[in-house]
Structures are given as C-alpha cells and as structure tokens.
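J.: The primary structure of each chain is shown beneath.
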Amino acid sequence: MRLGFLPCFLLGAALLAGPSETKLPAWKVPLEVKTLPNGLTVVVSEDHSLPTVGISMVYRVGMRLEPKGRTGFAHLFEHMMFEGTPVAPKGVFDRVIQGGGGINNGSTRYDYTNYIESAPVSALEPILWLEADRLKALDFSAKNLKNQQEVVKEEIRLNVKNRPYGSWWLDLPAAAYTRWETSHDGYGSFEDLDRADLKDVEAFHRTYYTPSNAVLGIAGDVKPAEAFALVEKYFGALPTRPKPAVPDLKEPLGTAEVRQVKTDPLARVPALAVAWKVMTRGSRDHAPAAVLAELLAGGDASRIYLGLVKGKELLLEVSGGLNFPLGNAWDFDGQTMFGLFSLYKPNADADKVLAGLDEIIANVATQGVPAAELERTKTKMLSDFYSGLEIPLYRADALAKAQSLWGSAAQLNEIPRLIEGVTSEDLKRVAVTYLTRANRTVIDYHLAPVKP
Amino acid sequence: MTILRTTLSLLLTAQAAGLAGSEEKPLPRELPPYGAERPIPALNLAQRTLPNGLTVWIESRPGFPRVTAFLAVRGGNAADPAEQRGTAGLMAGLLNEGTTTRTSKQIAEELQALGGELAAWAGPDAVFLSGSALSHRLPTLLNLLADVARRPTFPAKEVELAKANTLQSLQAQEAQPSFQANRAFNVALFGSHPYSFSSITPETVNAATPDSLRALHAARFQPNQAVLVLSGDLQVERAFKAIGEAFGDWQATGEGPKPLLSAPATCQRAFVLIPRPGSVQSTVRVGRPTVAATHEDYVPLQLANVILGGSFSSRIVRNIREEKGYTYSPGARASGLQVGGSYSIRADVRTEVTAASLMEIFYEMDRMGTTSVGEEELQSAKHYMGGTFLFQNQMQQALVGTLATYWVNGLKPGALSDFIPKVNKVTAEEVRRIGRTYFAAKDQTIVVVGDEAKAKLELEQFGPVRVQAR
Chain Y
-8 MRLGFLPCFL LGAALLAGPS ETKLPAWKVP LEVKTLPNGL TVVVSEDHSL
42 PTVGISMVYR VGMRLEPKGR TGFAHLFEHM MFEGTPVAPK GVFDRVIQGG
92 GGINNGSTRY DYTNYIESAP VSALEPILWL EADRLKALDF SAKNLKNQQE
142 VVKEEIRLNV KNRPYGSWWL DLPAAAYTRW ETSHDGYGSF EDLDRADLKD
192 VEAFHRTYYT PSNAVLGIAG DVKPAEAFAL VEKYFGALPT RPKPAVPDLK
242 EPLGTAEVRQ VKTDPLARVP ALAVAWKVMT RGSRDHAPAA VLAELLAGGD
292 ASRIYLGLVK GKELLLEVSG GLNFPLGNAW DFDGQTMFGL FSLYKPNADA
342 DKVLAGLDEI IANVATQGVP AAELERTKTK MLSDFYSGLE IPLYRADALA
392 KAQSLWGSAA QLNEIPRLIE GVTSEDLKRV AVTYLTRANR TVIDYHLAPV
442 KP
Chain V
7 MTILRTTLSL LLTAQAAGLA GSEEKPLPRE LPPYGAERPI PALNLAQRTL
57 PNGLTVWIES RPGFPRVTAF LAVRGGNAAD PAEQRGTAGL MAGLLNEGTT
107 TRTSKQIAEE LQALGGELAA WAGPDAVFLS GSALSHRLPT LLNLLADVAR
157 RPTFPAKEVE LAKANTLQSL QAQEAQPSFQ ANRAFNVALF GSHPYSFSSI
207 TPETVNAATP DSLRALHAAR FQPNQAVLVL SGDLQVERAF KAIGEAFGDW
257 QATGEGPKPL LSAPATCQRA FVLIPRPGSV QSTVRVGRPT VAATHEDYVP
307 LQLANVILGG SFSSRIVRNI REEKGYTYSP GARASGLQVG GSYSIRADVR
357 TEVTAASLME IFYEMDRMGT TSVGEEELQS AKHYMGGTFL FQNQMQQALV
407 GTLATYWVNG LKPGALSDFI PKVNKVTAEE VRRIGRTYFA AKDQTIVVVG
457 DEAKAKLELE QFGPVRVQAR
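From first to last, the protein sequence lines stand for chains Y and V.
Everything in the first sequence is counted per my numbering, starting at -8 for the first residue and increasing by one.
Everything in the second sequence is counted per my numbering, starting at 7 for the first residue and increasing by one.
In case anyone wonders, no lab produced these hints; they're calculated from the structure.
Don't take each hint at face value.
[As the list claims (entries may be wrong)] The calculated label-pair distances, taken between Cβ atoms and stated as ranges, are:
| # | chain 1 | residue 1 | chain 2 | residue 2 | range |
| --- | --- | --- | --- | --- | --- |
| 1 | V | 265 | Y | 363 | 45 to 53 Å |
| 2 | V | 162 | Y | 58 | 57 to 65 Å |
| 3 | V | 275 | Y | 19 | 53 to 61 Å |
| 4 | Y | 366 | V | 39 | 47 to 55 Å |
| 5 | V | 265 | Y | 224 | 55 to 63 Å |
| 6 | Y | 198 | V | 459 | 45 to 53 Å |
Predicted model, so just to flag it, every value in this text is computed and none were measured.
Don't be surprised by glycine CBs; every beta carbon is placed ideally from N, CA and C.
Put together the whole structure using the sequences plus the hints.
T.: Structural data, given as structure tokens:
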C-alpha cells in the first residue's frame, strides 16, 4: 500500500530543498507503531502540553462492506457498540467515560468505522478496558436492538427526511456508481433497518470486530512505552481471527453524464449537487486531485467561489471537496469523488451553473495554474492539515485512520510533502482525466410547485 | 503589563470512590480505577491596555505552528435600534469585502497565502472577528485583521450582492425547522427585549445602504470598546510590537453603545405551534429566560444542566433516547449573555410521540427540584464539566473565543481558572435549588415546529395551543 506514494515522495523531497519553502513550518506528529501478536496495531503520539488523551479505535469496515440487502446495517451496528456487553451492561460505557471527565462518539463512513474518546489522562486505563471489552463481545439484546432501530430512524428523519436536500449526499453515489456496495443508501431504508436481527449483529461483530481488523490510536499525555504496556494488558489476550479481505470495488470512470432532476417539497431555494468519480487512494493522481479540489472549491479564494458566487453571481453558496462531505481528501480507501453542493439563485439554472463550472475547469485544463495561486493554495492546505491535528483527539484519529486505510500511520506526516510536490502540469492532467462531462453526475433539486 | 498565573486542577481525586455510589448498579469488578490526576499547567496570560484603550490579552502556546486572533467590539445585534435589528450582523459580514487598501478578492487571496481564515459576525452583545494563520505569518494576519476592522469601505457592489444573498439565504433557512423553532422560541422568551432577536428580516436587509453600514461601523468600532485576544505559537513581546503597529494609531471617535436594560427573567407558560407542511418530526424547544453570565447562579446552572439534559449520560437523553427511542439528538443548553440568559431543551421527535416526549421532559425537569441528586451523579457531572472545559480550551480558537466572550460579559480572564473550582464547590442542595428556581415545568415555554393537525392534537393534551405562522 505504501508503494503508490513512492514517486510523490521523491518529488516532494526534491522540492522541499528549494528556497521558497524554507519559511513554512515543518511540523510533524510524533508517532510510534506496534502490532500485537493478535494483529491489533497500536499507534501512539505523545504530547505532554496538557494532561489529556485522545483515543480512536478504527475498524476497517464501513457502509461499503455491509451485508447485501441490509442497507444501513454498518451504521446501526455502530450504535449497538454503545449498548453494553455481557460484562459491562448498557449505560456503563457512558457512565465511566463521563465520570472520568471524557466525551465519546462513533461514526460510520464508506471504508471505516471509528470510535473516539477524549478525556483527562487519568481516565485512559478505564477507557482502554471499555474498548477491549466491547471488541470481545456485545450484549446481543433484542430490547437494545429495538431501541437503537428507533433511534437510528429518528436520526435519518432528522438528517434526511425532515430537512431540505437531506438526501443529496446519498443521491450522488446512488446515481454515479453501479455496484451495490458503492451505490446503495448507507444510512439505510426503514424496511432494511427494521429487518435487522440479532444474528446479523452477532455475525457482523464476529467478522469485522477482531483485533486484526482494528487500529488503536492514542495521543496525548502518555509515553509510548506506557501506552503499549496498557494496550498489551487489556487487548493482548483477545483471540484473533483473520483480517477480512477488502474487495476491490472501484469502477471505471463514467462514459456518459448522469443527470437527474428531483423535486424537494421542503426546499425553498433550488440546489445543485455535482460529482466526478476520481482516482483511487494512493495513486499518483491523489495529491494532485486534492490540490485541484482545494483550488476549485476551497473557500473564498477558490475559483468556483470567485467565479460563480462572486463574478457571475449564479450561486448563493457552494461547498465541496475531495471525498466531500463524508471525509477529507485523505481519509478514504479505494475510489472516491470530487463533490460539490450549491444553492443557486433565481437568475440561474442548472445549465448555467454547469456551463460556469465547465469554463472554470477548462481554464485549468488548458492554461494550468499561475505559480502564485498554486503556492497559496498549497499553503492553505498545509495550514488546514495542521489544524486537523491540533489536539490529541484529532491526532489519535488521523493516525489510526492512516494506519487502517493506508497501512501506514507514518504516511500522515508525508502529506505536506505530497501537497508540495504537486505541479501545474499535474493539475492539468487531473482536470483533463477526471473532471469531464462524461464522468460527471448531476442532481438538480427543484422546488415543488406552489399550491394555489 | 501584568501576568496572570493560576494553577488549575480538576480535583478528581475522589472519583473512583464516587463512582461506587449507592444509587447506581455496581460497575464491573474487572474495570480498572481512574489513575491519579495531573495538574493543569498554569494559564500564562499577558495583559496590556494600549494608549488608545484597546485591551490586549495574549496566551503563548509554543509548538503547534498556528496562531489565532479574536477581536471583540462591544455592541452586537441587540444594540441595533429595534427597527434595524440585525444590521450589525450584516455589517460584520461585509467587513472583509473591501477596505481602503484591499478589494474583497485581495483579502481572500492574502489570507489564503497565510494559510489563514478570517470571519466576522455579530452576537447579541458584540461584533466578533476571528482570524487564524500559520504562526510565522502573525504580523501579516494582524495587519489584515486591523485593515478589515478599521478601514472597511462597504463597496456598493458588495453591499448589493450581500443584501441579495442574505434575502435568499433567509428564504432557504425558512425551510429548516430549527430556524423556525429558534425564532419563535426567542420571541416567546424575551418579548420586546432585544435578546428576542434571532434573524434579520427582509425589511431590515432592504433598508441597509453602504452609507448606513459605514455609519454603524464608525459608531461601533472604537478601540476603547474592544478586546484583542491572541493565542498560539508566538513570542509575546514580538506580538505586542506587531499589535502596536497594526492597532496603535486607531483612535476613538465616540462613545460605545448604551448598556442594555436587563432581559426578562421569566416568561409566560405557553404552547406555541408553528405549522410546517410535510414535517415528519416535531422540532421541540422547551425553556425559559434565566440569568446573565456574571450571575452567581450561572455556574451551578451549567452543572445542573449537565445532569438534566446537557450530556449524553444526562437524565433526558437516557430517558427519551436510550430508554424510549423517541429521538436521536436531544440536548440542552444554559446560555448566559451580558444582561440575561436562557435555558433551552431541544429534541426532534417523531410526530406521534410529541406529547409523550414532552411528558418525560417535564417529569425530568420537575424531578430536578423535587428530589436531590445522588452523590455519584453529582460527582460525575462535575468531572464531566471539568474534562470538557479542558478539552475545549485545548483548542486555540475555543480558548481565545472563551476569553473574548468573558471580556464582553464583564468577566476577568481569571474566570477561566476559577471555573472548575467553582463547579466543584456546588452541592447537591444547590443543584436542587437551581432545579426549583429554573426547571419547574410550569414555568417553561414550549415551541413546536411540525405537522399542524397531528402536532396540535398532541399539544392540546397539555392545554390551549397557540398556532402561529412564525
């Protein structure tokens, strides 16, 4: 997995010696990695500036690997991870973490599920015990499953069904991809969620929740040797099962534009969602695609903002990025998309917005990008990359995800060099290869007709 | 310059024993105890007032290569005249759209080159500007921050675009049930007091002109009515020098805004329904006005809120989510402003359990005043408050935001160090008093946005329902 990055490393290292970069801070996350005999990989990053720790347990399973015909199951399962174990019944987990001054959460994405905690360092040991305990076994209780089926349906009502354009981030992959794994509704249909039973929960836990499929990140006020010893103490005796294979789910780029119109009865302003399938993680086009996405859609100095929110004044607002909105440019595996979501104005329509986007993309594809613009785009990316590592919780999570998805936590510290290595020619190539009309998926959200 | 040095401590020493309290089931025998507490390093805040009256607070945090600067100027949306309320927010949003020396685009591109960001907005009591950048670019960041704060020009074209976009954004927001609920809730709580404001109206947007925005800016932005707070990887003396260069010649030209009258401390109990066709949930708000951030009840109220609804292990979350499955995201907040405050519980519940959810919320609210909180629950809430306070203030942005807000509310920076000790002093009896004083169900206002026919039937189980359009 590391090999895909090698050419970029060398290029990045060569550029780093140049004079213009000497002023930029060269900050790195300290890290040590160890794999237990049962396959659990542990990444530790020490920082003694405040007496806190961040913890992230990343399992290499997400929406793309949930059982066929069981939409939303990976996410429902994530909820079940908080519903108690045979040893620590429902309520103990939150009670112990809150009592230790900590917070916790979990989230399910396409390629991974993570469980995070942040707390004063005094709570580190009980938290590690709790994580090991729920990796061992869950309380497979019908009552708790029923409860969380209801909670998850309320979550979907809140985030999808009761808000305008709530489904846009589900509609795009559904339209762009053809495989069930990549195109299905990862939040889940109510029918599928209701059909989930305890056997499914048990089988999913048995298959994917095994030390060999997990990475534990720990960052903050702890020495690596101490952290490794604690992890050994609580996780070392857990039996392992083989790491489940990760199927190759990538699809060829599109050959004809997919375009849909949907009517949204809740919306008061029309919206447009656009996405292009892009390269796979770790390919030579990865960092260039990340830089191009930032250049096009990364804030008030980006070309789409300056061109279409300002400039042509077609859009009310726009947001977007690589792997948007379920992650950042780096925390995915396999294939992802460059996605945009915008509200458009009364003087605009989808054709005008798309023509504006095409013009902006064609400009990059044919002219490349001026050196100063490329430089400041990279500086902003570097700064944002650092911001994403400001506190122990973020570090633990980013390191664990890099180890789980890329096979190397140390790769995280290479991202600044990957960004730095991107050239104007790279951006042209990536724009020409991926940001084509044929490879584009467009969903236009119209308002419902006004009732007389 | 004075330097404030205070040691913080979470004082969690008795927690393992505390957890074995009587009212909860025993914890698993194998669960290891919490480790020893470690002291929190002292806050090391450098404070100085420039000759022009600008207050400056700097907290150096070496290592992580970014800096954040927060400028707060007294007088926010609540200081606007009633018929122009929200103009301060519109003005704030236009600060970085052009200055005497830079266009909007130049500002955006310069910020990008610093690895930076700059945002401005208005709260009820102040206008805030927040900027961040890679740490080696601090002087340029301060220069930009001073430029947009001191020399905005409100170019006609930018004002026109901002007005058009604000009008359309308002339309888009009308589709969000939370927007509708918050607006009706604030009005129900604060009546004609300026804290009832939640969003600018189209009429106020239409009335704004470049001249009116310039005049408002000139009146509000006075150095002696402002605080500048910095944190990050910086050298204090160099930072003061750069601040002097960017802000030193900023001169006061007038008085600050007049102080607001105290906000109402109570409201009428009422059930308000905002019909929203097509809603599949009831978006619920329950709450009342409370106290200002400087009031002695404010910290105990925060603690009582952790127990009632402000944390995942709180009573309301355990009840209506973890036991009943009525909702995904219940929450609660005790908010303290300069001259008043509010308490609010929020939940989005499926329509058919609207009344059932409210019944449980009322039960949990009343229980806070009628029975005493157990020792474990109290200790746990204290640890949680200490830990989350520490967690938030690890982040530069949160730390400088907290400190700037303290200044606006009339608190000293030492309030940061006093917070955890104050929390730890609160007794079970005091929590019960807070419950009686602020949480009694009979004193709350209820706002629901949802399906008109179904939600009305649900609410009528409690009494008369006022149906209103917004």
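J.: Please flag the earlier hints that this structure goes against, numbers listed from lowest up.
T.: Hints that this structure does not satisfy do not exist here, as all of them hold.
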